[in-house]
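S.K.: Here are the chains, one letter per residue:
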Amino acid sequence: MAYLTDLKRARGMGSAKTGTEHFWRMTVSSVALLLLIPLFVFTVGPMIGAPHEDVITRFSRPFPAIVAGLTIVVGLLHFRGGVQTLIEDYVHGTARKVSIIAMICVSYAAIGAGLFALVRLAL
Amino acid sequence: MADVNRGNRPLSPHISIYKPQLTSITSILTRITGNALLISTLLIVWWFLAASAGPEAFATADGVLTSWFGDIVLTLSVLGLWYHTLAGVRHLIWDTGHGYEVVTAERMGLACLIGSVVLTVITLIFV
Numbered sequence: 000m001a002y003l004t005d006l007k008r009a010r011g012m013g014s015a016k017t018g019t020e021h022f023w024r025m026t027v028s029s030v031a032l033l034l035l036i037p038l039f040v041f042t043v044g045p046m047i048g049a050p051h052e053d054v055i056t057r058f059s060r061p062f063p064a065i066v067a068g069l070t071i072v073v074g075l076l077h078f079r080g081g082v083q084t085l086i087e088d089y090v091h092g093t094a095r096k097v098s099i100i101a102m103i104c105v106s107y108a109a110i111g112a113g114l115f116a117l118v119r120l121a122l
Numbered sequence: 000m001a002d003v004n005r006g007n008r009p010l011s012p013h014i015s016i017y018k019p020q021l022t023s024i025t026s027i028l029t030r031i032t033g034n035a036l037l038i039s040t041l042l043i044v045w046w047f048l049a050a051s052a053g054p055e056a057f058a059t060a061d062g063v064l065t066s067w068f069g070d071i072v073l074t075l076s077v078l079g080l081w082y083h084t085l086a087g088v089r090h091l092i093w094d095t096g097h098g099y100e101v102v103t104a105e106r107m108g109l110a111c112l113i114g115s116v117v118l119t120v121i122t123l124i125f126v
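Here the protein sequences line up with chains A and B, keeping their order. Under numbering that gives the first Met the number 0, think of the first position of the first sequence as 0, with each following residue one higher. Under numbering that gives the first Met the number 0, think of the first position of the second sequence as 0, with each following residue one higher.
Just so you know, these hints were derived from the structure itself, not from any lab. From the three backbone atoms N, C-alpha and C, an ideal C-beta is built for every residue, glycine too. Where hints are given, some of them may not hold.
Said to hold, decoys possible - From chain B, some residues computed to sit far from chain A (all C-beta separations above 10 Å):
no., residue
1, 10
2, 16
3, 17
4, 33
5, 40
6, 50
7, 67
8, 90
9, 112
10, 116
11, 125
Stated by the list, open to error - Coverage of chain A stretches by chain B, computed from C-beta distances (three or more under 8 Å per stretch; other residues unrestricted):
no., stretch
12, 9 to 21
13, 39 to 45
14, 66 to 77
15, 89 to 97
16, 107 to 115
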């Protein structure tokens, strides 16, 4: 270590050059969610606590089903990006990689489960 | 040059020495609400799965979400959801290069806090 020059130590520690892609994805998904979230709250919200038949009837119609599906997909992809930033700020080393991968897998699993449920409800 | 002390150098001040301010609190609330929303998201996905599985499964999931515990979780989630949405709008405004004056930033922070409560009340009335 004592024989390393400052230049040698600094090399490779610069920008990863991929941050703008993450920022842009978060921006685009946030704009999409700005429209989806109010629609989701007011189409899905009233169904919580409603009779089972009403729930099936509502999500057999295209609009509520598409709104629910889009919100689940876009919302969880937005969460995937956000939780990665959270972990990068507070967790270090191998635990960082493990928790980022785990949370991304949780996001994917929730998307898969949500879409499966919506398809089964609609058909 | 290579043998300078790199161990015990003073570090720049970090959050622990600063007084909490409206801007810092509204910033960390954005992160907390956004990440905490995973809980209600998973509950809603479970509710959809149960609804698609049949009446018995639906009764269980719907019963949990409409219990007093579910009411607390969902009400807090709606508050967090509206807060995060408004805070996201604030970030979109900042991204255009506007609103960085302290007065404007604090005013928008206050708008997020008050707006989220107002939107939550509206949601609780209409949903």
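S.K.: Each hint needs a verdict: does it hold in this structure or not?
M.R.: Tested hints:
Here residue 10 of chain B stays apart from chain A, with its beta-carbon at least about 16 Å from theirs, past the 10 Å limit. No Cβ of chain A comes within 10 Å of the Cβ of residue 16 of chain B; the nearest lies about 18 Å off, and the non-interface call holds. Distance to chain A confirms residue 17 of chain B as a non-interface residue, since its nearest Cβ pair spans about 17 Å, more than 10 Å. At roughly 5 Å, the least C-beta separation between residue 33 of chain B and chain A is not larger than 10 Å, which violates its mark as non-interface.
Its closest Cβ contact with chain A, about 6 Å, brings residue 40 of chain B to no more than 10 Å, contrary to its assignment away from the interface. Not every C-beta of chain A lies more than 10 Å from that of residue 50 of chain B, the closest at about 5 Å, which undercuts listing it as non-interface. Annotated as non-interface, residue 67 of chain B keeps its C-beta farther than 10 Å from every C-beta of chain A; the closest such distance is 13 Å. Against chain A, the non-interface label of residue 90 of chain B is violated: not every CB pair exceeds 10 Å, the least being about 7 Å.
The beta carbon of residue 112 of chain B sits about 18 Å from the closest Cβ of chain A, which is more than 10 Å, so the claim that it is off the interface holds. No beta-carbon of chain A comes within 10 Å of the beta-carbon of residue 116 of chain B; the shortest separation is about 15 Å. Against chain A, the non-interface label of residue 125 of chain B is violated: not every CB pair exceeds 10 Å, the least being about 7 Å. With 0 residues carrying a beta carbon less than 8 Å from a beta carbon of chain B, the stretch 9 to 21 of chain A misses the three-residue requirement, and the given coverage is violated.
For the stretch 39 to 45 of chain A, the assignment as covered by chain B holds, since 5 residues bring a beta-carbon within under 8 Å of that chain's beta-carbons and 3 suffice. With a threshold of 8 Å between beta carbons, the proposed coverage of the stretch 66 to 77 of chain A by chain B holds, since 4 of its residues qualify and at least three are required. By the rule of at least three residues with a Cβ nearer than 8 Å to a Cβ of chain B, the coverage given for the stretch 89 to 97 of chain A is violated, with 0 such residues. Coverage of a stretch by a chain is defined here by at least three residues with a beta carbon nearer than 8 Å to that chain's beta carbons; for the stretch 107 to 115 of chain A and chain B the count is 4, and the condition holds.
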